[in-house]
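Student: Each protein sequence line maps, in turn, to chains G, R, H and V. Each residue of the first sequence is one higher than the one before, counting from -6 in my numbering. Each residue of the second sequence is one higher than the one before, counting from -6 in my numbering. Each residue of the third sequence is one higher than the one before, counting from -6 in my numbering. Each residue of the fourth sequence is one higher than the one before, counting from -6 in my numbering.
Any given hint might turn out to be false.
One copy or two, it doesn't matter: identical chains are merged, so the pair holds either way.
Calculated pairs, DSS-like style, for lysine-lysine (alpha carbon to alpha carbon, straight line, at most 30 Å) [claimed, not checked]:
#, residue 1, residue 2
1, Lys40, Lys26
2, Lys26, Lys74
3, Lys1, Lys40
4, Lys26, Lys1
If you're looking for bench data, these hints aren't it; they were derived computationally from the structure.
4 protein chains.
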Amino acid sequence: MHGYTDRKDDYNKRLRRIEGQVRGLQRMVDEDKYCIDILTQISAATKALQSVALGLLEQHVAHCVADALATGGPEADAKVKEANEAIARLVRS
Amino acid sequence: MHGYTDRKDDYNKRLRRIEGQVRGLQRMVDEDKYCIDILTQISAATKALQSVALGLLEQHVAHCVADALATGGPEADAKVKEANEAIARLVRS
Amino acid sequence: MHGYTDRKDDYNKRLRRIEGQVRGLQRMVDEDKYCIDILTQISAATKALQSVALGLLEQHVAHCVADALATGGPEADAKVKEANEAIARLVRS
Amino acid sequence: MHGYTDRKDDYNKRLRRIEGQVRGLQRMVDEDKYCIDILTQISAATKALQSVALGLLEQHVAHCVADALATGGPEADAKVKEANEAIARLVRS
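Chain G on its own, in the form it takes in the complex (with noise of 0.2 Å):
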C-alpha cells in the first residue's frame, strides 16, 4: 500500500494520456510539423508529468512519511530527506 494506491486508476488515466501526447510528438516529426507547434506540445506533456509527479509527492508526503514520522526514530529522517531528494530533482528538472 502507497499513499497513491486508491487513486492508481487516476494516475494511470493520466499518464496513458501523456503516452498518447508523446506519441503524437513522433508523428508530428514523421509529418515535418512545424517545430514551434511541436515545441508546443513538449511543454503541456512535460507539464502533464510534473502535475503527476506532483500528486503523487504530495500522497508520499501525507502518508509514507507521515507514518514514519509517527513512528520517529532514524527511519524518519531517512525519509524526510529521501523525499526532499526527490523535490531536489523535480525542482531541478
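Given chain G, put chains R, H and V in place with the hints provided.
Tutor: Below, chains R, H and V alone, put in the same frame as chain G:
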C-alpha cells in the same frame, strides 16, 4: 523542410524511448512500486523531453530563424518573437 | 522557532552572497557587459536561490510538518497541503 | 552596444527591485518569519530573475545573433551554439 528534418530518425528514436518510459510508469503504478522510484523515473522522462526540446530549438534558431533574419523585415521580428515565446514556455514548464 | 532557526547565520550568509550577485548584475548592465555573460550570472543566482529554498523546505518538512503530523488532526492535513503548494510553486518557477 | 543597451534603465530598475527582494529575505530570516512565507518570496524573486533573463535573451537573439547570421560564416554558427547553451542553462536552472 525544417531545421530538424535531417535528424528525424534520431528524434523519433528518442521519442519512442520516452514513450517506453511513460509506459514503464504505468506499469510501476499498476505494480504498486514505491512512490520515490516513480518520481525518479518521472524526472528522467522530463529531462529526456526537455533535451529533445532543446535540440529542436537549436536547429529551429539555426535554420528557420536564421533564414527569416537573412530575409529581414517584419517576418524576421515575428520569428524571433515566436522563438522567444517558445523558450519562455520551456523555462517555465 | 522554526526549522531553520539554528541555521539562520548560514542562510543569511548565502542570501548576502546572492544580494552581491544581483548587485554584480546591475554593474554588468551598467558596464555594457556581453549579454551571454549576464545570463550565465543570472543562472548562477537562480540556482543559489533555489538551493536556499530547498534547504528551508527540507527543514520545514523535518520540523514544522513533522510536528503537525505527530499531533495529527486537520492541522496536519493543512500543513501537508501548504508544503505541497510551496513545492509546486518552486517546481514551476 | 548590445541588444539590451537602450533598455539599461529598465533592467537596472528591475534588478534593484530583485536586490530589495533578496534583502527582504534576509530580514525575514532575521525576524524568524514562517518558512512557507520565505519560500513564496524566493519563488517571486526567482521568477523576476528569469523574466530579466528572458528579456535579455530575446534582445540578444534579435540583435547580436541576428547580426552574426546576417554576416554568416563560422561566427554565425558559434553565436547560435552559444545562445542555445545559455537557453539550456536557463531551462535547467
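Student: All the hints need checking, so say for each whether the structure fits it.
Tutor: A quick look at each hint next to the structure:
{"no.": "1", "hint": "Lys40 - Lys26", "result": "both (21 Å within a copy, 22 Å between copies)"}
{"no.": "2", "hint": "Lys26 - Lys74", "result": "between (44 Å within a copy, 19 Å between copies)"}
{"no.": "3", "hint": "Lys1 - Lys40", "result": "both (19 Å within a copy, 24 Å between copies)"}
{"no.": "4", "hint": "Lys26 - Lys1", "result": "between (34 Å within a copy, 11 Å between copies)"}
Checked against the numbered hints given earlier, this structure breaks none of them.
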